[in-house]
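Number of protein chains: 2
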Amino acid sequence: MARVDPAKKKAVDTDAVFQDRLARVAQDTEALLDRLLASAPIDGERARPARLLDVMRYASLGGGKRLRPFLVVEAAALFDVPRQNSLMAGAALECVHCYSLAHDDLPAMDNDDLRRGRPTAHKAFDEASAILAGDGLLTFAFDILSRRETHPDADVRLELVSALARAAGLGGMVGGQMLDLAAEGRFDASAPKLGEQDVKVLQAMKTGALLRFGCVAGSILGKANQSQRTALERYGSALGEAFQIADDLLDVEGDPATVGKATGKDAAAHKADATHLVQLGGLEPPTSWSTAKRSNQLSYSCTHRRKWPQPRSAVLL
Amino acid sequence: MARVDPAKKKAVDTDAVFQDRLARVAQDTEALLDRLLASAPIDGERARPARLLDVMRYASLGGGKRLRPFLVVEAAALFDVPRQNSLMAGAALECVHCYSLAHDDLPAMDNDDLRRGRPTAHKAFDEASAILAGDGLLTFAFDILSRRETHPDADVRLELVSALARAAGLGGMVGGQMLDLAAEGRFDASAPKLGEQDVKVLQAMKTGALLRFGCVAGSILGKANQSQRTALERYGSALGEAFQIADDLLDVEGDPATVGKATGKDAAAHKADATHLVQLGGLEPPTSWSTAKRSNQLSYSCTHRRKWPQPRSAVLL
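Chains as they are written, first to last, in the working numbering: chain D, 35 to 351; chain B, 35 to 351.
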């Protein structure tokens with residue numbers, strides 16, 4: 035028998051565990067959202083109009099890696115939080131993510147026709163329906179967080195509401211989207227080019243804030259102590275940075291069929307992205323697709339030498 | 035001295051008290067929103083981008099009767115809730131109301147240029163900014179509700195979050211907006227005309243749900259007992275109905291300069307509105323503007339013979 039390099043074997047196993055657990059969270063999140071977005075109205079609702087439900091389901095079901103719910107579930111697992119609780123918080127976060135995609139794809143925003151390999155919500159339905167579905171999903175996220183199934187303690191649910199609102203709103207994701215449009219010269223063609231720090235803030239808000247919330251939500255659900263929370267916040271921030279770099283590089287070098295959305299758009303729109311940062315740093319632009327995959331691993335190396343609260347966090351490393 | 039009809043005198047006084055208290059809530063809500071939407075980021079926010087803040091402030095400050103916050107404050111006052119608490123909940127509700135106006139006015143929705151006598155958000159800024167400002171205001175509403183200043187008890191804040199999410203979302207306001215577009219024949223030109231019950235459900239969701247929440251929020255803040263809650267729910271529902279009738283009639287007969295927005299649009303868009311209901315009932319369409327004002331008093335008569343929890347509710351009658 036051929037000898038197996040132990041280091042190599044370990045790396046392969048970690049990847050398999052990661053893929054397996056990611057897939058399980060994706061499956062569970064899909065089933066949960068499907069149940070939450072059923073046709074029957076619940077207490078406090080008058081009716082669930084069929085077309086609105088259809089668009090909300092189209093925009094949130096049947097696709098996506100469910101990376102954000104995965105972060106919630108795995109971070110919460112560090113503190114022995116029951117999976118049904120963290121899946122609820124993950125579903126809420128995914129609703130916010132999916133709403134932001136539906137609104138981002140609108141003609142007045144990024145004007146995208148393709149998302150997750152399918153027509154975007156306004157293409158499959160119409161603009162008004164996509165706007166309302168986004169509004170409905172954003173609102174629904176807070177409904178989910180407020181439910182007892184998310185956590186038995188009101189304080190915990192309330193902290194999730196507060197943290198998600200700040201991550202998603204004016205000072206988080208929505209703010210980042212506005213900075214992104216401004217950086218394209220959308221409001222002032224003569225706007226000065228952003229510096230490295232500006233691009234980092236933009237990306238930390240636009241993409242980073244929700245990924246960071248995913249990790250932080252785990253610590254809130256788990257009633258973690260301050261140092262554990264800080265560790266997960268730092269992990270979430272680093273992951274957010276790595277994720278955005280990978281996404282930007284995929285836009286430059288990815289194949290639309292593989293990526294599931296139109297590529298090459300950031301450069302055309304003069305987006306303030308990672309490739310812009312590479313140029314700022316005087317480096318050569320990336321030349322292969324594998325660069326993107328590698329940068330997705332940045333976050334792992336960021337945390338690799340850190341001491342984790344419990345050994346079961348291996349899947350996050 | 036001329037003799038004064040006592041019934042007439044009483045009516046005049048009630049109206050003056052109503053106007054005075056409405057104006058005070060409007061003033062306090064304006065000041066509170068101005069403070070909440072200050073430029074400095076708060077804990078959990080990275081930055082508050084200037085343009086986004088400008089549009090959010092434009093869409094939420096400097097106009098509006100603040101009827102919804104008024105309902106929260108006055109309903110909460112029935113239970114001796116401190117005014118600073120009910121103003122917070124009222125400000126959250128107003129954020130939801132203002133976001134819905136910004137999105138409703140978009141070209142893909144109702145395509146309105148005028149709101150509260152000023153250009154609509156997408157006219158004063160641009161479409162993308164109006165979309166993001168709406169998203170930001172909706173998100174901000176839940177941030178406000180989650181704060182300790184809204185109520186010292188986490189359970190109460192959480193109940194407000196849940197009730198607002200259901201009133202505003204899929205099974206409430208957003209659902210009603212979708213039904214409204216469908217009733218215009220937006221998605222199917224051959225859609226059958228709505229019956230009286232359909233129009234009532236549509237309006238209860240589109241406009242009624244937030245007004246009803248205003249009243250219910252008062253009972254939540256006041257930890258009211260079940261019969262008190264039910265009374266305020268019924269009051270809120272009746273007020274919502276009356277309000278929508280008045281609004282529809284203003285669209286038929288109002289002067290844009292007085293109403294502060296374009297009129298005559300509902301008929302052009304074949305909206306399912308109160309005038310449609312009047313026709314369904316075989317009645318003559320209303321012929322004077324005063325009909326609208328009178329129908330706004332419907333809610334008062336709905337509750338006039340009810341026994342209220344405490345005498346200080348007079349201003350709501």
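Any given hint could turn out to be false.
Partial selection, computed: residues in chain D whose CB lies under 7 Å from chain B [said to hold, decoys possible]:
id : residue
1  : Arg55
2  : Leu56
3  : Ala57
4  : Arg58
5  : Ala60
6  : Glu64
7  : Ala65
8  : Leu70
9  : Ala74
10 : Asn145
11 : Leu148
12 : Ser180
13 : Glu183
14 : Leu213
15 : Lys234
16 : Phe277
Now the in silico label distances, taken between C-beta atoms and shown as ranges [unchecked claim]:
id : chain 1 : residue 1 : chain 2 : residue 2 : range
17 : B       : Asp49     : D       : Arg181    : 16 to 26 Å
18 : B       : Gly151    : D       : Gln118    : 44 to 54 Å
19 : B       : Pro116    : D       : Glu267    : 52 to 62 Å
20 : B       : Arg268    : D       : Gln118    : 28 to 38 Å
21 : D       : Asp147    : B       : Ala158    : 37 to 47 Å
22 : D       : Ala65     : B       : Glu267    : 27 to 37 Å
23 : D       : Asp160    : B       : Lys157    : 19 to 29 Å
24 : D       : Gln260    : B       : Ala72     : 38 to 48 Å
25 : B       : Gln53     : D       : Asp187    : 19 to 29 Å
26 : B       : Asp49     : D       : Asp147    : 53 to 63 Å
27 : D       : Arg182    : B       : Gly229    : 35 to 45 Å
28 : D       : Asp47     : B       : Ser224    : 58 to 68 Å
Read the hints as simulated data drawn from the structure, not as lab findings. Backbone N, C-alpha and C fix where the C-beta goes; we use that ideal spot for every residue, glycine too.
Here's how the hints hold up against the structure:
1. Arg55: 28 Å, violated
2. Leu56: 27 Å, violated
3. Ala57: Not OK, violated: D/Ala57 not within 7 Å of chain B, min 28 Å.
4. Arg58: Status violated, d = 28 Å.
5. Ala60: 23 Å, violated
6. Glu64: 18 Å, violated
7. Ala65: 19 Å, violated
8. Leu70: 10 Å, violated
9. Ala74: It is violated, given that the least Cβ distance between D/Ala74 and chain B is near 10 Å, above 7 Å.
10. Asn145: The hint is violated - D/Asn145 has no Cβ within 7 Å of chain B, the shortest such distance being about 10 Å.
11. Leu148: It is violated, given that the least Cβ distance between D/Leu148 and chain B is near 20 Å, above 7 Å.
12. Ser180: 4 Å, holds
13. Glu183: With a minimum Cβ separation of about 12 Å from chain B (threshold 7 Å), the hint on D/Glu183 is violated.
14. Leu213: 5 Å, holds
15. Lys234: 10 Å, violated
16. Phe277: 16 Å, violated
17. B/Asp49 with D/Arg181: 16 to 26 Å: Roughly 43 Å apart at Cβ, these two residues miss the hinted range, so it is violated.
18. B/Gly151 with D/Gln118: 44 to 54 Å: 51 Å Cβ-Cβ, so the 44 to 54 Å window holds.
19. B/Pro116 with D/Glu267: 52 to 62 Å: 34 Å Cβ-Cβ, so the 52 to 62 Å window is violated.
20. B/Arg268 with D/Gln118: 28 to 38 Å: Between B/Arg268 and D/Gln118, where Cβ atoms are some 36 Å apart, the hint holds.
21. D/Asp147 with B/Ala158: 37 to 47 Å: 29 Å, violated
22. D/Ala65 with B/Glu267: 27 to 37 Å: 34 Å, holds
23. D/Asp160 with B/Lys157: 19 to 29 Å: 22 Å, holds
24. D/Gln260 with B/Ala72: 38 to 48 Å: 28 Å, violated
25. B/Gln53 with D/Asp187: 19 to 29 Å: At 44 Å between Cβs, range violated.
26. B/Asp49 with D/Asp147: 53 to 63 Å: 55 Å, holds
27. D/Arg182 with B/Gly229: 35 to 45 Å: Given a distance of about 38 Å, which is inside 35 to 45 Å, the answer is holds.
28. D/Asp47 with B/Ser224: 58 to 68 Å: Cβ of D/Asp47 to Cβ of B/Ser224: about 60 Å, so the range 58 to 68 Å holds.
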